[in-house]
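Protein chains: 2
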Amino acid sequence: MDRSVQFRSILVRMSAEPRTARGRATRERILDVTTSLIGERGIAGTSLEDVRHAAGVSKSQLYLYFRDRDDLLRAVAHTTCDRVMDAQADVLAEFDSVAGVARYLAGTVALQEQRKARGGCPIGTLAGQLAETDEPARLELVAGMDRWQAGLRAGLEAMRSRGELRADADPGVLAGQVLALIQGGLLLTQIRRDTAAIRDAADGALQLIRASLDDKSL
Amino acid sequence: MDRSVQFRSILVRMSAEPRTARGRATRERILDVTTSLIGERGIAGTSLEDVRHAAGVSKSQLYLYFRDRDDLLRAVAHTTCDRVMDAQADVLAEFDSVAGVARYLAGTVALQEQRKARGGCPIGTLAGQLAETDEPARLELVAGMDRWQAGLRAGLEAMRSRGELRADADPGVLAGQVLALIQGGLLLTQIRRDTAAIRDAADGALQLIRASLDDKSL
DNA sequence: CGTCAACTGGACCGTTCGGTCCAACTACAC
DNA sequence: GTGTAGTTGGACCGAACGGTCCAGTTGACG
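Chains as they are written, first to last, in the numbering used here: chain U, 1 to 218; chain S, 1 to 218.
Treat the hints loosely; a few may be bogus.
[Claimed, not checked] Here are the simulated lysine to aspartate or glutamate pairs, DMTMM-like style, with alpha carbons at most 20 Å apart:
| no. | chain 1 | residue 1 | chain 2 | residue 2 |
| --- | --- | --- | --- | --- |
| 1 | U | K59 | U | D70 |
| 2 | U | K116 | S | E28 |
| 3 | S | K116 | S | D194 |
| 4 | U | K116 | S | D134 |
| 5 | S | K116 | U | D134 |
| 6 | S | K116 | U | E132 |
| 7 | U | K116 | S | E132 |
| 8 | U | K59 | U | E49 |
| 9 | S | K59 | S | D82 |
| 10 | U | K116 | U | E49 |
| 11 | S | K116 | S | E132 |
| 12 | U | K59 | U | D82 |
| 13 | S | K59 | S | E49 |
| 14 | S | K116 | U | E135 |
| 15 | U | K59 | U | E28 |
| 16 | U | K59 | U | E17 |
| 17 | S | K59 | S | D32 |
| 18 | U | K116 | U | E40 |
[Unchecked claim] One side of the interface only, derived from the structure: several residues of chain S facing chain U at Cβ under 8 Å:
| no. | residue |
| --- | --- |
| 19 | P136 |
| 20 | R138 |
| 21 | L179 |
[To be verified] Which residues of chain U face chain S? A partial, calculated answer using Cβ under 7 Å:
| no. | residue |
| --- | --- |
| 22 | G42 |
| 23 | A127 |
| 24 | G128 |
| 25 | A131 |
| 26 | G184 |
| 27 | L188 |
| 28 | R192 |
| 29 | L206 |
| 30 | L208 |
Please keep in mind that the hints were generated in silico from the structure rather than gathered at the bench.
Glycine residues also receive a C-beta, built at the ideal position from the N, C-alpha and C atoms.
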């Protein structure tokens, strides 16, 4: 018998990938439910018992697919980033013209109005709960924010290469400012339960981009 | 014996104000230590046993001065807001000229560099942990943010009344945008452990204000 | 249709948590 | 000093938590 193969299988087992469609569905369901639960009640307000119950799953399944609670939390951080990026993928893809930028920002505002100013940005909310305590989770969230900012930047770069944005404008910095405005606006909207903040922040973002437009294209 | 007096004294007792200097010092110490602990490790990472130990205090004292854990948490939210506002009181008071605005923003950036990009904004960090679960705590944080925004707004209004800012500029909106940029910038700085975000956000804030300057005063 | 790995259910455990209770101590008024 | 309200220390409690374990079931495949 090949011992190294056996040993490797144990190592692989640690990250606990399910091997059947059924198992994969179970793992997915756990992750989905946990992400939603944490999005609503926060990490501290979500116990494994809550997860178990909501996912219709037994405890051993949790520990079959996730090493421990922290491992699950990190996966949730990843899933949360995926959800946020997926949800805005199509609008973000059009963030490459003044009209597209305006549409993107309007969409962000509309989403908050629809949510009645609750929840804020799921990534940002998780950040406050995990950034200082769980390094791997922090890195997941950074990756999410970086993808977001990269998406904004790509659109701005497209605008610059078409001459809509001035040549001396810095798409990276501008994207960071837009993202900061959105995050801050969402945070203020969330705690105030009032969408005025995100609306003003969106206006500010548009204004900053407008200020970098090439005068000739005005 | 007057029963109503006795009854009233019980009611007063519920909010548990200490009646001696010694007791007041103890309560203050508990609050101070808890605020610091939570600022470092987050709410979930701070148990009453941690507080008890760090404050050099026994359990019954905790429950003498605070009704329960939530009551302590709300007091911490209040104290956190006070700390943040006190720390920037003098710089914020000068947020009433272009030079003062620049100085204020530079101070915010400098503080993060000094902190090595850790912690973010204490109010914002608490918001992510409490906003959706503890309504009274949320209101404390809103009050803190409102004081902050009011401070920014007061400076901008002073600028407008002196004719530095255009008459059609909205100090309230502008203050909200500056605050959103700061909050978002601090959040990004915190999770990335890189002060570039708050620096870019500060630049953006200055730019937004500059865009509202009266042309004649340029 | 037998076999075995993959998967599931839930009893069980030690720890830690928030919270209660009461006996003892302190300081000040009379 | 003696009384009394204010304050302190810590033993104690039940509940809930994360985590372990194992016996039973399922399902894919030769």
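Consistency of the hints with the structure:
1. A C-alpha spacing of about 15 Å is found between U/K59 and U/D70, which places the hinted pair at or below 20 Å, so the restraint holds.
2. Our distance criterion of 20 Å between C-alpha atoms is broken by U/K116 and S/E28, whose separation comes to about 37 Å.
3. Between the alpha carbons of S/K116 and S/D194 the distance comes to roughly 8 Å, so the proposed pair stays at or under 20 Å and holds.
4. Distance hint between U/K116 and S/D134 is fulfilled; the C-alpha atoms sit about 17 Å from each other, no more than 20 Å.
5. Of the supplied pair hints, the one linking S/K116 and U/D134 holds, its CA atoms being roughly 17 Å apart against a limit of 20 Å.
6. Pair hint S/K116 plus U/E132 holds up; C-alpha atoms about 13 Å apart against a cutoff of 20 Å.
7. Of the supplied pair hints, the one linking U/K116 and S/E132 holds, its CA atoms being roughly 13 Å apart against a limit of 20 Å.
8. For the suggested pair U/K59 and U/E49, the alpha carbons sit about 8 Å apart, so the restraint of at most 20 Å is met.
9. For the suggested pair S/K59 and S/D82, the alpha carbons sit about 26 Å apart, so the restraint of at most 20 Å is broken.
10. Straight-line distance between C-alpha atoms of U/K116 and U/E49 comes to about 29 Å, which puts the hinted pair past the 20 Å bound.
11. As the CA atoms of S/K116 and S/E132 are separated by approximately 29 Å, the hinted pair breaks the 20 Å bound.
12. At most 20 Å may separate the alpha-carbon atoms for a hinted pair to count; U/K59 and U/D82 exceed this at roughly 26 Å.
13. Only pairs whose Cα atoms come within 20 Å are accepted, and S/K59 paired with S/E49 is accepted, the gap being roughly 8 Å.
14. Restraint check for S/K116 and U/E135: satisfied, since their Cα atoms lie roughly 16 Å apart, inside the 20 Å limit.
15. As the CA atoms of U/K59 and U/E28 are separated by approximately 15 Å, the hinted pair is consistent with the 20 Å bound.
16. The hinted pair formed by U/K59 and U/E17 meets the criterion: a straight-line CA distance of about 17 Å does not exceed 20 Å.
17. For the hint linking S/K59 to S/D32, the alpha-carbon distance of about 16 Å falls within 20 Å, and the restraint holds.
18. At most 20 Å may separate the alpha-carbon atoms for a hinted pair to count; U/K116 and U/E40 meet this at roughly 13 Å.
19. For S/P136, the shortest C-beta to C-beta distance to chain U is roughly 13 Å, which exceeds 8 Å, and the interface hint is violated.
20. Of the supplied interface hints, the one on S/R138 holds, with its beta-carbon coming within about 6 Å of a beta-carbon of chain U, less than 8 Å.
21. At its closest, the beta carbon of S/L179 sits 7 Å from a beta carbon of chain U; the interface hint therefore holds under the 8 Å criterion.
22. Nearest Cβ of chain S to the Cβ of U/G42: about 6 Å, under the 7 Å cut. The hint holds.
23. Hint status for U/A127: holds, given a least beta-carbon distance of 5 Å to chain S, under 7 Å.
24. Residue-level restraint check for U/G128 holds (minimum Cβ-Cβ distance to chain S is 3 Å; threshold 7 Å).
25. With a least beta-carbon distance of about 5 Å to chain S, the hint placing U/A131 at the interface is held under the 7 Å criterion.
26. Taking 7 Å as the C-beta contact cut-off toward chain S, the hint placing U/G184 at the interface holds, the least distance being around 3 Å.
27. Because the closest C-beta pair between U/L188 and chain S is about 6 Å apart, less than 7 Å, the hint holds.
28. Of the supplied interface hints, the one on U/R192 holds, with its beta-carbon coming within about 6 Å of a beta-carbon of chain S, less than 7 Å.
29. Annotation: interface hint on U/L206 violated; nearest CB of chain S at approximately 11 Å, more than 7 Å.
30. With a cut of 7 Å, the hint placing U/L208 at the interface with chain S holds, because the nearest CB-to-CB distance is about 6 Å.
Against the hints set out earlier in the document, violations occur for numbers 2, 9, 10, 11, 12, 19, 29.
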